[in-house]
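Use the sequences and the hints to build the structure in full.
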Amino acid sequence: MLYLRLKKGLYLGMGCLLMLLASLTQAGEAEFIAHEQALIKAKFEQKEQIMAAWYAADTQQAVELMEMMLASQLYYHKKEKRLYKVIDASKGAVADRLSDGESVTITKKRDFKRVSINNYLRTLFRQYIAKAGLTAAEPEQRIAAAEAMVGNTDPDLMATVAGLRAQETNADVQSAFDLVLAVANLQSADASQQQAAIETLGDSLQPAALNALKQFLASNPESDLAPIASKAVDSINGKIDFYNGVETLYFGLSLGSVLVLAGIGLAITFGVMGVINMAHGELIMIGAYTTYVIQLLMPNHIGWSLLVAVPAAFVVSGLVGILLERGVIRFLYGRPLETLLATFGISLILQQAVRSIFSPLNRSVETPSWMSGLIEINPLLSLTQSRMYIIAFCLLIFFLLLAIMKRTRLGLQVRAVSQNRNMARAMGVRSEWVDALTFGLGSGVAGIAGVALSQLTNVGPNMGQAYIIDSFMVVVFGGVGNLWGTLVAGLSLGVANKLLEPWAGAVLAKILVLIFIILFIQKRPRGLFPQRGRAAED
Amino acid sequence: MIRLLDQDRGGKWLIGSLLLAIVLVPILNSLPESSSLHIPTYSISLLGKYLTLALLAVAVDLVWGYLGILTLGHAAFFALGGYAMGMYLMRQIGDRGVYGNPDLPDFMVFLNWQELPWFWHGFDQFWLAVIMVMLVPGILAFVFGFLAFRSRVSGVYLSIITQAMTFALMLAFYRNEMGFGGNNGLTDFKDILGFSLQSDQTKIGLFIASAIALILGYLLCRAITTSRAGRAVVAVRDGESRARFMGYRVENIKLWVFTFSAVLAGVAGALYVPQVGIINPNEFSPINSIEVVVWVAVGGRATLYGAVLGAILINYAKSYFTVELPDIWLFALGGLFVLVTLLLPRGVTGLLKRKEVE
Numbered sequence: 001m002l003y004l005r006l007k008k009g010l011y012l013g014m015g016c017l018l019m020l021l022a023s024l025t026q027a028g029e030a031e032f033i034a035h036e037q038a039l040i041k042a043k044f045e046q047k048e049q050i051m052a053a054w055y056a057a058d059t060q061q062a063v064e065l066m067e068m069m070l071a072s073q074l075y076y077h078k079k080e081k082r083l084y085k086v087i088d089a090s091k092g093a094v095a096d097r098l099s100d101g102e103s104v105t106i107t108k109k110r111d112f113k114r115v116s117i118n119n120y121l122r123t124l125f126r127q128y129i130a131k132a133g134l135t136a137a138e139p140e141q142r143i144a145a146a147e148a149m150v151g152n153t154d155p156d157l158m159a160t161v162a163g164l165r166a167q168e169t170n171a172d173v174q175s176a177f178d179l180v181l182a183v184a185n186l187q188s189a190d191a192s193q194q195q196a197a198i199e200t201l202g203d204s205l206q207p208a209a210l211n212a213l214k215q216f217l218a219s220n221p222e223s224d225l226a227p228i229a230s231k232a233v234d235s236i237n238g239k240i241d242f243y244n245g246v247e248t249l250y251f252g253l254s255l256g257s258v259l260v261l262a263g264i265g266l267a268i269t270f271g272v273m274g275v276i277n278m279a280h281g282e283l284i285m286i287g288a289y290t291t292y293v294i295q296l297l298m299p300n301h302i303g304w305s306l307l308v309a310v311p312a313a314f315v316v317s318g319l320v321g322i323l324l325e326r327g328v329i330r331f332l333y334g335r336p337l338e339t340l341l342a343t344f345g346i347s348l349i350l351q352q353a354v355r356s357i358f359s360p361l362n363r364s365v366e367t368p369s370w371m372s373g374l375i376e377i378n379p380l381l382s383l384t385q386s387r388m389y390i391i392a393f394c395l396l397i398f399f400l401l402l403a404i405m406k407r408t409r410l411g412l413q414v415r416a417v418s419q420n421r422n423m424a425r426a427m428g429v430r431s432e433w434v435d436a437l438t439f440g441l442g443s444g445v446a447g448i449a450g451v452a453l454s455q456l457t458n459v460g461p462n463m464g465q466a467y468i469i470d471s472f473m474v475v476v477f478g479g480v481g482n483l484w485g486t487l488v489a490g491l492s493l494g495v496a497n498k499l500l501e502p503w504a505g506a507v508l509a510k511i512l513v514l515i516f517i518i519l520f521i522q523k524r525p526r527g528l529f530p531q532r533g534r535a536a537e538d
Numbered sequence: 001m002i003r004l005l006d007q008d009r010g011g012k013w014l015i016g017s018l019l020l021a022i023v024l025v026p027i028l029n030s031l032p033e034s035s036s037l038h039i040p041t042y043s044i045s046l047l048g049k050y051l052t053l054a055l056l057a058v059a060v061d062l063v064w065g066y067l068g069i070l071t072l073g074h075a076a077f078f079a080l081g082g083y084a085m086g087m088y089l090m091r092q093i094g095d096r097g098v099y100g101n102p103d104l105p106d107f108m109v110f111l112n113w114q115e116l117p118w119f120w121h122g123f124d125q126f127w128l129a130v131i132m133v134m135l136v137p138g139i140l141a142f143v144f145g146f147l148a149f150r151s152r153v154s155g156v157y158l159s160i161i162t163q164a165m166t167f168a169l170m171l172a173f174y175r176n177e178m179g180f181g182g183n184n185g186l187t188d189f190k191d192i193l194g195f196s197l198q199s200d201q202t203k204i205g206l207f208i209a210s211a212i213a214l215i216l217g218y219l220l221c222r223a224i225t226t227s228r229a230g231r232a233v234v235a236v237r238d239g240e241s242r243a244r245f246m247g248y249r250v251e252n253i254k255l256w257v258f259t260f261s262a263v264l265a266g267v268a269g270a271l272y273v274p275q276v277g278i279i280n281p282n283e284f285s286p287i288n289s290i291e292v293v294v295w296v297a298v299g300g301r302a303t304l305y306g307a308v309l310g311a312i313l314i315n316y317a318k319s320y321f322t323v324e325l326p327d328i329w330l331f332a333l334g335g336l337f338v339l340v341t342l343l344l345p346r347g348v349t350g351l352l353k354r355k356e357v358e
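Just so you know, the sequences run in chain order A and B.
When you line the first sequence up against the numbering used here, it's residues 1 to 538, in that order.
When you line the second sequence up against the numbering used here, it's residues 1 to 358, in that order.
It should be emphasised that the hints constitute simulated quantities derived from the structure, not laboratory data.
Among the hints, a few may not be true.
Computed, partial: chain B to chain A, Cβ under 10 Å [what the hints assert, rightly or not]:
#: 1; residue: L70
#: 2; residue: L147
#: 3; residue: G155
#: 4; residue: L158
#: 5; residue: S159
#: 6; residue: L169
#: 7; residue: G194
#: 8; residue: S285
#: 9; residue: I287
#: 10; residue: V323
#: 11; residue: D327
#: 12; residue: L330
#: 13; residue: V338
#: 14; residue: L342
#: 15; residue: V348
#: 16; residue: G350
Simulated coverage check for chain B against chain A, where a stretch passes if three residues somewhere in it have a Cβ under 8 Å from a Cβ of chain A [to be verified]:
#: 17; region: 170-184
#: 18; region: 288-299
For every residue, glycine included, the Cβ atom is placed at its ideal position computed from N, Cα and C.
Written as structure tokens, this is what we have:
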């Protein structure tokens with residue numbers, strides 16, 4: 001690790017060096033040597049002037065040298081009187097001569113002496129570097145330079161910033177410059193300037209703005225501007241609370257989406273068909289392992305693997321589900337408690353099968369690069385992209401299922417069979433076939449949920465058990481037989497969980513949510529949105 | 001007592017063999033080790049453990065077999081009883097712990113706690129621990145049942161919320177802040193009532209205590225089920241609405257049977273802990289409760305002795321398989337679930353009974 005970092009540093013250093021050398025033109029070379037000699041001879045007091053002159057002559061070169069000095073990498077050879085860049089000043093290490101780029105090996109450590117600087121120079125150099133950054137080509141660089149400068153009150157520098165602000169065209173950079181100026185103006189003697197600064201800061205979302213205002217309030221509590229400043233602080237705090245709320249909501253929605261995804265397959269098998277499928281969690285697990293296998297099969301196309309895994313997991317879990325229904329569950333219709341036991345037995349078998357095939361250890365499923373990343377909305381709020389995808393995926397699956405249940409022939413038949421099996425059969429619906437297909441559909445959706453969950457948690461033999469109770473809670477809370485209920489229940493439980501977390505901790509929040517559901521079922525045994533009509537009677 | 005077992009051949013066999021075991025086991029244990037009839041002490045502890053699990057199974061059979069409530073949370077009552085006993089055993093360690101603190105159990109010293117939490121006070125008294133062993137599961141079952149039965153939560157919904165209850169308890173007990181040792185639970189016990197837990201005599205004593213508890217528990221359940229109240233219990237199972245319209249207070253019947261069963265489970269847990277030497281939050285995990293239901297299903301519902309038979313058979317098989325063929329065990333257990341529900345709805349004892357009729 002250390003070795004790697006050293007090596008990386010070396011490459012970076014060499015990169016800088018090449019840039020420096022590239023800037024050395026024929027005419028520039030003489031100038032460089034003149035500056036170089038002056039710097040080597042100079043005392044502390046003179047270095048300031050020399051570097052200022054150098055900065056005026058060739059900004060980029062001077063900045064690079066200043067950065068080297070700040071990093072204690074600038075040395076000179078005592079006899080040659082030449083500047084060297086030395087990362088490691090020990091015998092046998094490499095030193096790069098700046099004037100011609102030649103690399104030499106250090107034979108005597110004592111030949112090289114560091115160009116020393118003091119704290120005053122350090123501050124000065126940082127300001128120079130920041131100033132140079134303000135004029136950089138890329139807007140991001142300019143913003144970064146401005147952010148580094150916040151809190152600086154040096155009048156010359158501020159004049160420069162103000163000048164640059166007037167020419168700046170990029171809105172983001174403009175606001176970054178405004179922040180710098182406002183923080184500086186807060187200290188000015190002119191009350192109207194101070195007031196303007198407070199107003200600017202009150203609109204900013206940068207943490208630095210809040211700090212500056214707080215500092216101002218602490219040092220001038222009696223000033224006439226104090227009420228305005230404290231109002232600005234309140235307004236910022238209000239915004240922070242608001243954006244924290246938005247973030248919690250976002251986290252809650254993404255957790256809720258996970259719950260909905262885990263529960264929605266069960267909403268069909270348990271909710272619509274009334275089968276207590278304790279192996280539901282294992283069907284999710286099968287979906288996750290399908291993702292793992294797909295990634296093994298196409299190691300060079302991780303980005304595509306998830307898109308392949310979704311249909312694959314649907315098919316695999318769906319087939320396992322159909323097998324289950326045909327082999328075991330159909331003999332137990334109308335005996336819910338026995339179904340519960342038998343499917344639990346199946347869940348044990350599936351867990352052990354996975355353990356025997358893939359080993360009991362957790363398997364890691366890779367996250368494609370397009371899934372990761374941050375969407376920065378403002379300085380207080382940035383949203384992780386993977387959560388965004390989960391929410392979108394959850395909604396997609398939900399509406400697809402809803403469409404299948406409400407708009408297709410299969411959905412019609414499923415509802416007919418679940419409402420009145422005999423009547424449906426009399427109308428020519430092949431109820432056995434519908435049972436198998438419905439169960440396969442629910443199981444397949446569980447498999448798809450497994451693909452999504454493989455991106456969030458460990459894929460292991462026990463992952464199914466972790467979700468089974470949550471899934472049942474979501475379905476029962478939402479109201480059995482109601483897909484919309486499942487969606488609302490999952491999302492609201494997710495949000496409730498995340499709202500409780502800050503003051504209760506993750507585990508306690510989960511316990512509280514469970515207790516809430518237990519109590520809720522007492523009040524409304526049929527969930528949030530109970531089914532109405534004859535189907536609800538049995 | 002004889003009248004209780006009048007119609008109960010299985011019960012007679014069970015109690016007879018338990019009494020025989022109480023007499024024989026200490027004698028066989030005292031035989032020289034070279035003798036082929038010698039029973040080593042560790043087998044006695046294992047047997048004692050099976051008996052406590054059998055008591056748990058009897059408690060579940062009372063609720064599931066006779067009352068028709070499929071409880072998936074009974075292991076929680078068992079574990080709570082176990083924790084109460086574990087707290088007593090923990091206090092008996094005194095200053096013999098790793099940190100040698102006479103006032104605080106090791107894990108509290110480790111967590112830098114300064115004083116004993118209020119709910120640990122008094123647990124150095126055996127009588128208080130015994131009361132708590134029954135009171136804590138009893139109160140939890142009473143409150144839970146009161147809420148659930150009054151609002152007529154039944155069937156699968158009840159099963160799921162009992163499961164949620166034990167799951168929530170498991171998460172809670174995993175937390176260090178709860179003051180029950182977190183992940184590791186309570187362990188390193190030294191002695192009970194002044195007798196060292198390592199000694200053979202104590203182990204035999206615990207075995208006998210477990211056997212007696214099982215006999216008493218069995219007889220109590222039998223007394224309940226054969227009484228007039230017991231017929232009402234079965235009536236609730238077979239036709240809840242009808243029983244209600246005939247004037248029975250269905251909620252009260254359910255509540256009292258459920259609470260009694262939870263107390264029984266708590267006692268079983270309290271006897272279990274000193275014999276295995278540890279209690280940790282895993283005992284709350286939902287799968288444990290479901291396993292108990294399977295013991296009952298395999299043995300045969302609503303027979304009581306079937307529950308004992310199922311518990312001992314499956315736990316013996318589990319001890320055997322997890323050592324000899326660990327990979328096979330879950331396949332076997334899972335297969336058993338499926339086969340019993342599909343092919344043997346009345347369990348092993350049902351099979352025997354049918355033969356008898358033929």
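Here is what the structure says about each hint:
1. L70: holds, 5 Å
2. L147: At about 5 Å, which falls below the 10 Å cut-off, the nearest Cβ of chain A leaves the hint on L147/B intact, so it holds.
3. G155: holds, 6 Å
4. L158: With Cβ-Cβ at 9 Å, under 10 Å, it holds.
5. S159: holds, 7 Å
6. L169: holds, 8 Å
7. G194: Violated, because the Cβ-Cβ distance from G194/B to chain A comes to roughly 38 Å (cut-off 10 Å).
8. S285: At about 9 Å, which falls below the 10 Å cut-off, the nearest Cβ of chain A leaves the hint on S285/B intact, so it holds.
9. I287: holds, 7 Å
10. V323: Result: violated, 16 Å to nearest chain A Cβ.
11. D327: holds, 6 Å
12. L330: holds, 4 Å
13. V338: holds, 4 Å
14. L342: holds, 6 Å
15. V348: Violated, because the Cβ-Cβ distance from V348/B to chain A comes to roughly 15 Å (cut-off 10 Å).
16. G350: violated, 14 Å
17. 170-184: Coverage by chain A holds here, the residue count being 4 at a Cβ distance below 8 Å.
18. 288-299: holds (count 4)
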